[in-house]
Every structure is written in structure tokens, then in C-alpha cells.
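**Student:** Sequence:
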Amino acid sequence: MTKKRFVTVLALLVSLAVLVTGCGGTQSAQSDNKGPVKIGFFAPVTGPAAADGESVLNAAKLAVENINNGGGINGRKVELVNYDDALDSKQAVSIAQKLTTKDGVAAVVSGSYSGTTRASAKIYQDAKIPMISAYALHPDITKTGNYMFRQSFVGPVQGKAGAKVAVDMLKAKRISILQVDIDFGKTLAAGFTEKAKQLGAEIISVDSFSTGEKEFTPVLTKIKQLNPDLIYIPGYAAECSQIVRQAKELGITAKILGTEGADSTVQFLGVAKDAANGVIITTNMNRDSDRKIVQEFIKGYNQKYGHKPDMVAASTYDAFMVLATVMKSKGTEPDKIRQGLSEIKDYEAVTGLIKGYNKIGEVKKSVQIQIVKDAEFHYYGEVSDEDIITPPSE
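Following the numbering used here, the numbering of the sequence shown begins with 577 at its first residue and continues without gaps.
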């Protein structure tokens, strides 16, 4: 064989090898596209926030089940890849590394609190994997980057809405604040204080408590002596249930205004019982809505898990349904999901009409106000003022 002929044959063999490899790669990609769409999820299923963790995991499973029963993502099943972070930031970081390097997820939903979500956000951002925070409200989560989105209100929005309720709706002039001493309580209290002062109210005391605390008689006795018109409590359900019970035992007559942290049918209503009657909260869900999507979600969740859902469940469910809607129309590649989320407008969700996500991923929608009557949450009002519900864009 001449040198020229040898070179020609070699070139043909190389071309054939490339063609075969290319075909194999195409077939593999097509096979992948027929496989399940994986969505990552993390929540505090064990540890001090286990009640919320169980609630949001239930909602995530229900959402995936409903998506798949409806045909999946253009025929592809959704697979839930879920982990328990136990409300531990180190575990949340480890989970984020697994989801972004080993599990092959297209997107992630955080069903956890601000501390764990904030700690792991940069990992998802650096991996360019879209993450929706279902209900964690610290502003730094979305500020991490353009792949971060939030399903519930950022803290300052809900805090300002609470001030609107306290001063304009409940006519409070002298207000005491009793907050949980973590991101959640601090962020809500800051937004509330700023707006309440603008509206002409006076903050006469600010006290903090730790998660897991059970004895509030001393601080409530001090607050009673100050005789406020209203006590604002940005805290979680376990502590809030004890606060309202002990406040009633002490004969405190001030109105009590809570937040979405107390929005729990089991941990708050189930524990506080009659002492919760009359308590008002700012939250992300209107149980009395006549919208079909709301009532179907409540009915479906109740039938499956034996109790009515709370706000964290509704917010988590919505996060999955928004992702599914975007994937069906834009595709399952992370960059297309991110682009699709940024373009969402007037989306009908369980937690209300999502008007859209702004340039840093903050959702815009009305804040729901619920009041406890006969051991159940019911409609009290809605805050839709543009200056309150429009989230910060930087």
C-alpha cells in the first residue's frame, strides 16, 4: 500500500469512528430525554423543625404524584430526589453538593428554613441549577444569584404587611414585639417596625426568645404591665402556641398578630386550641378562597394525609407546580428553566395569583390575612397595596 493510499484509508477510518461515536452520543442523549426528570428537594424532616419538614415533604410527594398523573413533563415522569437536612446548615451544604454533582437534578426546591437554604444557595448558583425557596424568607437567598427564586414573600414584604394589618386594620397605636431570635424573627420584625412607625404606631418593647423555648410567663408578665394594644409575634408554631396559651392564662387582652410561622394546623391550632381564637396571622394561603385550585389542593392533601395543609405545604406544592409548568413549555435544561421562571406572569397558584418574579427572583403576590375561629384559620383580609407587596429588586 502506497503512503498516499494509506493516509486516505486512515482518514476514512477516523471519519467512520467519529460518525459512530456521534451516533452513539445522539442515541444516549435521546435515551436520557426519555428518562425521568429529577427535581431535588431538601427539608428538615427530623430535628427541631420536623413538623414543618413532614408537612412540606407530604406536599412535595403530592405535587409529584399530581404532575405524573397529569402526563408528567411532556410524557416524562418526574422523580423526587429528597433529603433530610435536620435543620442543620452543614447537612444542607452536603445535600447541595450531592444534588448538583451526583443526582443529575434539573432543578431544586428548598422546603427548609432560611439558615439552611441560605447556607446552600451558593452551591446551586455556582452549579447553575435553579432553586426555588418555598417559604424561607431571608433576603440574602435570592441575592445569591440569578438561579435563585422565592415562592413565598421575602421577609420585609410580610413584615410591612403585618404593620398594615396592625395599624390600619386593628388600630393599634402601642405595640410590643416578641420575636424568635433567628433570621426569621429578625427579618420580619425589622420590616414590621419600619412600616409601623411610618404609619404612626409606637413600638414600646422588643423581646426575643430561642427556638424550643416553652416558658414565656416572665416576658409576658412584663409586656402585660406595659399594656400594649397589640403583640406582634414573628415566631414558629411550637413557640407561638405556648405564647398564646400563657398569654390567656395571664389575662392579657392585647390583640395578637402572628405570621406564617404560626400557620400550622397541627403544631399551632392543635396545641393552642381555644386560646388561639381571635389570633390573626399574615400568611401565604387563604383557606376560604373559592378558587378551584385551592379547594382541590386542600381536599387532596387532607384525604391523603389525614389533616388539612398549612402554609408551608401550600408554598412547597406551588413551587413544584410552577417548575412543572415552566418545564413543559421551555424544556428541562436548567438554563431554560431559569429563563422560564423569570418570564412567569399571572400564574394561578394555591397561594394566590403570582404576578411574576422580579429580576432577583422575588415573587410578587398579595399577602393573605387569616383569623382563628373555632380552632380553624379563616379569611380576615388581604394586603395588596403595591408599595407593600412589591419586593425589593436589589
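There's no promise every hint is true.
Per label pair, the in silico range of CB-to-CB distance [to be verified]:
#1 788 with 716: 36 to 44 Å
#2 882 with 745: 32 to 40 Å
#3 949 with 867: 16 to 24 Å
#4 924 with 745: 25 to 33 Å
#5 801 with 678: 35 to 43 Å
#6 798 with 673: 26 to 34 Å
In short, the hints are calculated from the structure, not lab data.
No residue lacks a Cβ here, since even glycine has one placed at the ideal position from N, Cα and C.
**Student:** Next step is simple, just say for each hint if it's right about the structure.
**Tutor:** Outcome of the hint check:
no.	hint	result
1	788 with 716: 36 to 44 Å	24 Å, violated
2	882 with 745: 32 to 40 Å	34 Å, holds
3	949 with 867: 16 to 24 Å	21 Å, holds
4	924 with 745: 25 to 33 Å	26 Å, holds
5	801 with 678: 35 to 43 Å	57 Å, violated
6	798 with 673: 26 to 34 Å	46 Å, violated
Checked against the numbered hints above, the structure violates hints 1, 5, 6; every other hint is satisfied.
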